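Asks: Listed here are the chains, written in short residue letters.
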Amino acid sequence: EAGVTQFPSHSVIEKGQTVTLRCDPISGHDNLYWYRRVMGKEIKFLLHFVKESKQDESGMPNNRFLAERTGGTYSTLKVQPAELEDSGVYFCASSPMEPGLHAYGYTFGSGTRLTVV
Amino acid sequence: AQSVSQHNHHVILSEAASLELGCNYSYGGTVNLFWYVQYPGQHLQLLLKYFSGDPLVKGIKGFEAEFIKSKFSFNLRKPSVQWSDTAEYFCAVNAPRDDKIIFGKGTRLHILP
Numbered sequence: 331e332a333g334v335t336q337f338p339s340h341s342v343i344e345k346g347q348t349v350t351l352r353c354d355p356i357s358g359h360d361n362l363y364w365y366r367r368v369m370g371k372e373i374k375f376l377l378h379f380v381k382e383s384k385q386d387e388s389g390m391p392n393n394r395f396l397a398e399r400t401g402g403t404y405s406t407l408k409v410q411p412a413e414l415e416d417s418g419v420y421f422c423a424s425s426p427m428e429p430g431l432h433a434y435g436y437t438f439g440s441g442t443r444l445t446v447v
Numbered sequence: 426a427q428s429v430s431q432h433n434h435h436v437i438l439s440e441a442a443s444l445e446l447g448c449n450y451s452y453g454g455t456v457n458l459f460w461y462v463q464y465p466g467q468h469l470q471l472l473l474k475y476f477s478g479d480p481l482v483k484g485i486k487g488f489e490a491e492f493i494k495s496k497f498s499f500n501l502r503k504p505s506v507q508w509s510d511t512a513e514y515f516c517a518v519n520a521p522r523d524d525k526i527i528f529g530k531g532t533r534l535h536i537l538p
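So the protein lines, in turn, are chains A and B. Counting in this note's numbering, the first sequence runs without a single skipped number right up to 447 at its last residue. Counting in this note's numbering, the second sequence runs without a single skipped number right up to 538 at its last residue.
Just so you know, these hints were derived from the structure itself, not from any lab. Keep in mind the model is a prediction, meaning the values are calculated, not measured. One thing to keep in mind: the hints can contain errors.
DSSO-like, lysine-lysine: derived pairs with alpha carbons at most 30 Å apart [said to hold, decoys possible]: (1) A:Lys371 to A:Lys408; (2) B:Lys486 to B:Lys496; (3) A:Lys384 to B:Lys474; (4) B:Lys474 to A:Lys371; (5) B:Lys530 to A:Lys408; (6) B:Lys474 to A:Lys374; (7) B:Lys530 to A:Lys374; (8) B:Lys474 to A:Lys381; (9) B:Lys486 to A:Lys374; (10) A:Lys408 to A:Lys381; (11) B:Lys483 to A:Lys371; (12) B:Lys494 to A:Lys371; (13) A:Lys371 to B:Lys486; (14) B:Lys530 to B:Lys474; (15) A:Lys371 to B:Lys496; (16) A:Lys384 to B:Lys530; (17) A:Lys345 to A:Lys408; (18) B:Lys530 to A:Lys345; (19) A:Lys371 to B:Lys530; (20) A:Lys374 to B:Lys496; (21) B:Lys494 to A:Lys374; (22) B:Lys483 to A:Lys374.
Only chain B is shown next, with the shape it has when bound in the complex (with noise of 0.2 Å):
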């Protein structure tokens, strides 16, 4: 069965200060992997996602995340966080043709202004 592992569950970091939130997935095959975000009061949004090719993806505000098949990972990053970066991260895969999107625990991400 797939499942998502979010390393942290709550990172707390000052303005500036560079991002990566770590995640990794089990499943055998070929998947589909997302970062999705969800600032306070708002819906999930999709940060980012990885379907096939680079596998450096660059999503909106300035995130990234790169996919090292080698080590099941996906990790999201952004090199200087602002305030405005405070939210829920929810890592995330699903296996092509499949309706189902499998979903990590999520890392709140606190901004110290």
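Same shape as in the complex, but just chain A (with noise of 0.2 Å):
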């Protein structure tokens, strides 16, 4: 079975450019969530898809973060402008289990290092 993907698995860009950050969960894997890691920091939650829906987001940080799943397969995280912030490692993950079991099933990518100059 394949895993997480993650892609491009680092990322240099300048501030005010805008980047996406691509996720391709387990196949037939309903539930994808999106993770940052600032430097030195927690990794903290950004949001949750249930299929093509939004379940959560209320770990997104601004609006320039603006994250899709369309058709329900694979999931792009933009950051638009990127400011020096923004830097860190983003995870993605997904899990098959029903609603409010997800942390049980949890797989996490590789992550993608975002760095911001």
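Join the two chains into one complex using the hints; note that each chain is given alone, in its own frame.
Replies: Given below as structure tokens:
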């Protein structure tokens, strides 16, 4: 079974530019999550998709971040325009479990390391 | 609000030494508890988890953790570490039926050969 795939693995962009991160969940997983780790801090929840719908986006830091999951398959996370404080590692995870039991079956990707200079 | 505190940010040990990584959480109700590990260049992997039952949980690669409810702790242990245990370890919690996982800041473990 293929795992959760994220790309790019690394991205270096200039402040003010746009970057799009992609996550391909495990096939058949309805639940998809984005998390972020800013250097030296905790890994923090950003949002949760159930199929193509945003179930919870309470962790999104501001409106420069836009997440989509068209068709309920892969997801993209766009940062526009990027700021220095957006640098960090962005993790994606997916889960097949029913609502409310997701944490039992999380599989994480390797993450995308974003550096804004 | 839930929070997780990991006691050590960076731990250096020699091979065969015993390991204990501290983790305390803050939450008023029932919680699920996890330890995740990220080896260099790899994805976050679940090391072990506690949902209910025996508070001493055994995970992969010889790791175990003990849930002490009265202390709000979930410390990770391994009696004899190996060089291949070099990684970053994350303690995490979530409330049952919640979607989010709350992570600690992580502990970088470096094992000297």
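Asks: Would you mind marking each hint as holding or not holding in the structure?
Replies: Here is what the structure says about each hint:
Proposed proximity of A:Lys371 and A:Lys408 is supported: the alpha carbons are some 21 Å apart, at most 30 Å. Taken as a hint, the B:Lys486 and B:Lys496 pair is honoured in the structure, with Cα atoms around 26 Å apart against an allowance of 30 Å. As the CA atoms of A:Lys384 and B:Lys474 are separated by approximately 27 Å, the hinted pair is consistent with the 30 Å bound. With a C-alpha separation of about 22 Å, the suggested pair B:Lys474 and A:Lys371 falls inside the 30 Å cut-off, and the hint holds.
Annotation: proposed proximity of B:Lys530 to A:Lys408 holds, straight-line Cα distance about 25 Å (limit 30 Å). Proposed proximity of B:Lys474 and A:Lys374 is supported: the alpha carbons are some 19 Å apart, at most 30 Å. For the given pair, B:Lys530 sits about 10 Å from A:Lys374 by alpha-carbon distance, which is consistent with the 30 Å threshold. Note on B:Lys474 and A:Lys381: the hinted pairing holds, with a Cα-Cα distance of about 26 Å set against a maximum of 30 Å.
Proximity of B:Lys486 to A:Lys374 is assessed by CA-CA distance (about 26 Å); at most 30 Å being required, the pair is judged to hold. Between A:Lys408 and A:Lys381 the CA atoms are separated by roughly 18 Å; this keeps the pair inside 30 Å, and the hint holds. Straight-line distance between C-alpha atoms of B:Lys483 and A:Lys371 comes to about 27 Å, which keeps the hinted pair within the 30 Å bound. The suggested pairing of B:Lys494 with A:Lys371 holds, with an alpha-carbon distance near 26 Å, which does not exceed 30 Å.
Distance restraint check for A:Lys371 and B:Lys486: the Cα-Cα separation of roughly 27 Å lies within the 30 Å cut-off, and the hinted pair is therefore satisfied. A threshold of 30 Å between alpha carbons decides the hint, and for B:Lys530 with B:Lys474 the separation of about 18 Å falls inside it, so the pair holds. Among the hinted pairs, A:Lys371 with B:Lys496 is consistent with the structure: their alpha-carbon atoms are about 24 Å apart, no more than 30 Å. Taken as a hint, the A:Lys384 and B:Lys530 pair is honoured in the structure, with Cα atoms around 26 Å apart against an allowance of 30 Å.
As the CA atoms of A:Lys345 and A:Lys408 are separated by approximately 14 Å, the hinted pair is consistent with the 30 Å bound. The straight-line distance between the Cα atoms of B:Lys530 and A:Lys345 is roughly 26 Å, inside the 30 Å bound, and the hint therefore holds. The hinted pair formed by A:Lys371 and B:Lys530 meets the criterion: a straight-line CA distance of about 5 Å does not exceed 30 Å. For the suggested pair A:Lys374 and B:Lys496, the alpha carbons sit about 24 Å apart, so the restraint of at most 30 Å is met.
For the hint pairing B:Lys494 with A:Lys374, the CA-to-CA distance comes to about 24 Å; that is within 30 Å, so the pair holds. A C-alpha spacing of about 26 Å is found between B:Lys483 and A:Lys374, which places the hinted pair at or below 30 Å, so the restraint holds.
No hint from the list above goes unmet by this structure.
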